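Participant: Chains as they are written, first to last, in this note's numbering: chain A, 1351 to 1654; chain B, 39 to 357.
Just so you know, these hints were derived from the structure itself, not from any lab.
Every value quoted in this text rests on a predicted model; they were computed, and no experiment measured them.
The reader is advised that the hints may include incorrect statements.
Said to hold, decoys possible - Computed beta-carbon distance windows for the label pairs:
hint, chain 1, residue 1, chain 2, residue 2, range
1, B, T187, A, V1389, 52 to 62 Å
2, A, D1363, B, A159, 28 to 38 Å
3, B, D100, A, L1399, 20 to 30 Å
4, B, A146, A, L1640, 21 to 31 Å
5, A, A1371, B, S197, 21 to 31 Å
Stated by the list, open to error - Now the stretches of chain B that chain A is said to cover, found in silico as 3 or more residues with beta-carbon under 8 Å:
hint, stretch
6, 83-97
7, 189-196
8, 286-293
What the hints assert, rightly or not - Computed list of chain B residues with no C-beta within reach of chain A, every gap over 12 Å:
hint, residue
9, T76
10, N124
11, G134
12, L178
13, E318
14, V328
Glycine residues also receive a C-beta, built at the ideal position from the N, C-alpha and C atoms.
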Amino acid sequence: MSSAEVLPAAHGDGERHRRAAWLRSLRRSLRPTRVVAFVLGTLWLCVVLFPIYYMVLTSFRSQSQYLTANPWLPTGGLSLSSWANVFSSTGLLTDFVNSLLYTAGTIVLVVVLSLLAAFRIVRHSTRMAPISFRVILFGLAVPIQAVLIPIYVIMAKLQLYDTLIGLVLVTSAAQMAVAVLLTVNYVRLIPGELFDAMAVDGASERTVFLQLVWPMARPVVGVVSIFAGLGAWNNFILPLILTQSTSTTVLPLGLFQISTTNAGFGVNVPIVMAAVIFSVLPLLLLYLVLRRQFVKGIGGFALQ
Amino acid sequence: MSVSSTITHGGQLPISGPAPRFGGGQRLRADLAGLSPTLVLYGAFIVLPMVFALFLSFTSWDVVGQLTWVGLSNWSRFISDPMAHNSLVVTLELAGLSWVIQTPLAMALGIFVAGKQRYRAVYAAIYILPLLMSTAGLALMWQGVLAPTFGGLAGLGNSLHLSFLNQNWLGDPRFTFFVIVGLITWQFVPFHTLIYQAGRRAIPAELYEAAKIDGAGPVQTFLHVTLPQLRYTIVTSSTLIIVGSLTYFDIIYILTLGGPNNTTEVLAMDMYNAGFVQTEFGYASVLGVVLGVLGIAVALTLVRLTGFGEMQSGQEGIS
Chain A
1351 MSSAEVLPAA HGDGERHRRA AWLRSLRRSL RPTRVVAFVL GTLWLCVVLF
1401 PIYYMVLTSF RSQSQYLTAN PWLPTGGLSL SSWANVFSST GLLTDFVNSL
1451 LYTAGTIVLV VVLSLLAAFR IVRHSTRMAP ISFRVILFGL AVPIQAVLIP
1501 IYVIMAKLQL YDTLIGLVLV TSAAQMAVAV LLTVNYVRLI PGELFDAMAV
1551 DGASERTVFL QLVWPMARPV VGVVSIFAGL GAWNNFILPL ILTQSTSTTV
1601 LPLGLFQIST TNAGFGVNVP IVMAAVIFSV LPLLLLYLVL RRQFVKGIGG
1651 FALQ
Chain B
39 MSVSSTITHG GQLPISGPAP RFGGGQRLRA DLAGLSPTLV LYGAFIVLPM
89 VFALFLSFTS WDVVGQLTWV GLSNWSRFIS DPMAHNSLVV TLELAGLSWV
139 IQTPLAMALG IFVAGKQRYR AVYAAIYILP LLMSTAGLAL MWQGVLAPTF
189 GGLAGLGNSL HLSFLNQNWL GDPRFTFFVI VGLITWQFVP FHTLIYQAGR
239 RAIPAELYEA AKIDGAGPVQ TFLHVTLPQL RYTIVTSSTL IIVGSLTYFD
289 IIYILTLGGP NNTTEVLAMD MYNAGFVQTE FGYASVLGVV LGVLGIAVAL
339 TLVRLTGFGE MQSGQEGIS
């Protein structure tokens, strides 16, 4: 028997195996539980996408097209006029810059302060640190809505009412409990031997923080940044009670103002839709870049 | 511990806790340097306001005029105020219904996206989208979808000849409360889905193999493996859902202002009106304190009920 005769046979065998494996996997994915899961999962996908699709389509209409065309089909005319209006006739660009400053300030403050505090809580020298930790953790249970009135009064007394700095300070304080919890649990994972080795070398606390804690804590810094960033970028109630001028308006408030100044009979829905999309775009881009960290961060929060 | 004892211990691994490296004053200074910025911020904008809110609840004040001590009169007003009773009931209904809807939905979706199939990863990436939107943006988007006559749902009703879709969803007292619950679900289920996804992925695969060997079906596997293993995840997610919906404000402020007929007038909305619209800071502080106590009570109860607190303090003991 020549080898030429064996080869096709082996080939056929492989083919048969592959087909069997394929059939097995098909049968597995056609199991009733899998089919039900697929159907229900797809249903929720539609629930998520349905308003978003509506919003995107509507943003590409003029006001008159909005009133006449079918709201779900791209027929009946599309136009960029609402998008042009968002940039020309609203203060949304200023709001955007304000939101950027507000978010960046909050992220920096929350990350630096929570990491500094976590370092002391984990490597504490006195009883003060664990007691402080308990006090801060208690804040997890205190809803910010409960203290809005005093916060408003305190900010007015401190001359910080209607300033972005005031907004950053209050938002950071509100985020601190979650941030400290996350960072403490992470800094605890740094092996004590590393700290001791640095102590033996006579390193100062400052050096230990800058050369050990900060570099080791990179992943949790990402997670805390995401939490703090979302908390500031999307915040509505704190800007609502703590700012009033157009020069300090942030995006969520700006969106709300666009919808209310147009309120009544002539409400211009397409402009509002374009403005909302514009406000989400930065986060969407960031999400595409940092998706893994984002998902891990929230999941990790749950497993604390 | 003094400096000299630190030197004699030098280089040895500490038995419990980190070795003190300085004298008493220096040690306190080290802790202070790291902690004081956080404590000052936290004290000024969280702790002080809590005390201040309690104080204000015994006063009458409109910010501009004289602050006067009125004793318990704000509190007795709260006890006999039918509006406040309504707000309390609406708040609790909102929290309860949110929990009942969001928990099974997020759990099912979390388990679904924890699966290995590639299409599920794609779905999971899309499920997250609502989480990226600000509440203001999300509310305005839905306002467009739900608007009567020209809105998305009404338009769909027109094309499909389903006229019941054309309703005043945000103005009809029969629907508004449930519409708001639905929107809150749409907004927060993604977050809890991620929590359950992580929880499901943390369950050891051996448990499922063992269940399979024992001949357990999908329902039995869920009841005897998945559900008990997810208990801490359920506590975390439930606490966040309930405390979060007790204080829910943004969507309601933007879409209904508590209306129609106060069907969506939650406590937070009531407090905002009393404080920032009617400038009755004393009475608004009563509502704020009630809100705070409610949040703290729910969080502590859930933590106690499930032994989550023991886990936490156990961790502290190790460090």
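Participant: Cut-off 8 Å, C-beta pairs, minimum 3 residues; does the coverage of the stretch 189-196 of chain B by chain A stand?
Facilitator: Check passed, 4 qualifying residues.
Participant: Decide, holds or violated, for the assertion that all CB atoms of chain A are farther than 12 Å from the CB of L178(B).
Facilitator: Given that some Cβ of chain A is not farther than 12 Å from that of L178(B), nearest at about 5 Å, it is violated.
Participant: Do the beta carbons of T187(B) and V1389(A) sit within 52 to 62 Å of each other?
Facilitator: Roughly 33 Å apart at Cβ, these two residues miss the hinted range, so it is violated.
Participant: Closest CB-CB distance from N124(B) to chain A, is it above 12 Å?
Facilitator: 18 Å, holds
Participant: Minimum C-beta separation from G134(B) to chain A exceeding 12 Å: can you confirm that?
Facilitator: G134(B) is indeed farther than 12 Å from all Cβ atoms of chain A, at 17 Å.
Participant: Beyond 12 Å from every Cβ of chain A: is that where the Cβ of E318(B) lies?
Facilitator: 10 Å, violated
Participant: Note whether the CB distance of D1363(A) and A159(B) lies within 28 to 38 Å or breaks it.
Facilitator: 34 Å, holds
Participant: According to a criterion of three or more residues whose C-beta lies within less than 8 Å of a C-beta of chain A, is the stretch 83-97 of chain B covered?
Facilitator: Held - the stretch 83-97 of chain B has 9 residues with a Cβ nearer than 8 Å to chain A, which meets the minimum of three.
Participant: Check, residue by residue, whether the stretch 286-293 of chain B contains three or more positions whose beta-carbon lies closer than 8 Å to a beta-carbon of chain A, and give the verdict.
Facilitator: It holds, with 4 qualifying residues against the three required.
Participant: The hint says 21 to 31 Å between A146(B) and L1640(A); measuring C-beta to C-beta, is that right?
Facilitator: For L1640(A) against A146(B), whose Cβ atoms are near 27 Å apart, the range 21 to 31 Å holds.
Participant: Given a hint of 21 to 31 Å, does the C-beta separation of A1371(A) and S197(B) actually sit inside it?
Facilitator: Cβ of A1371(A) to Cβ of S197(B): about 46 Å, so the range 21 to 31 Å is violated.
Participant: Minimum C-beta separation from T76(B) to chain A exceeding 12 Å: can you confirm that?
Facilitator: T76(B) is in fact no farther than 12 Å from some Cβ atom of chain A, at 4 Å.
In summary, the numbered hints that this structure violates are 1, 3, 5, 9, 12, 13, 14.
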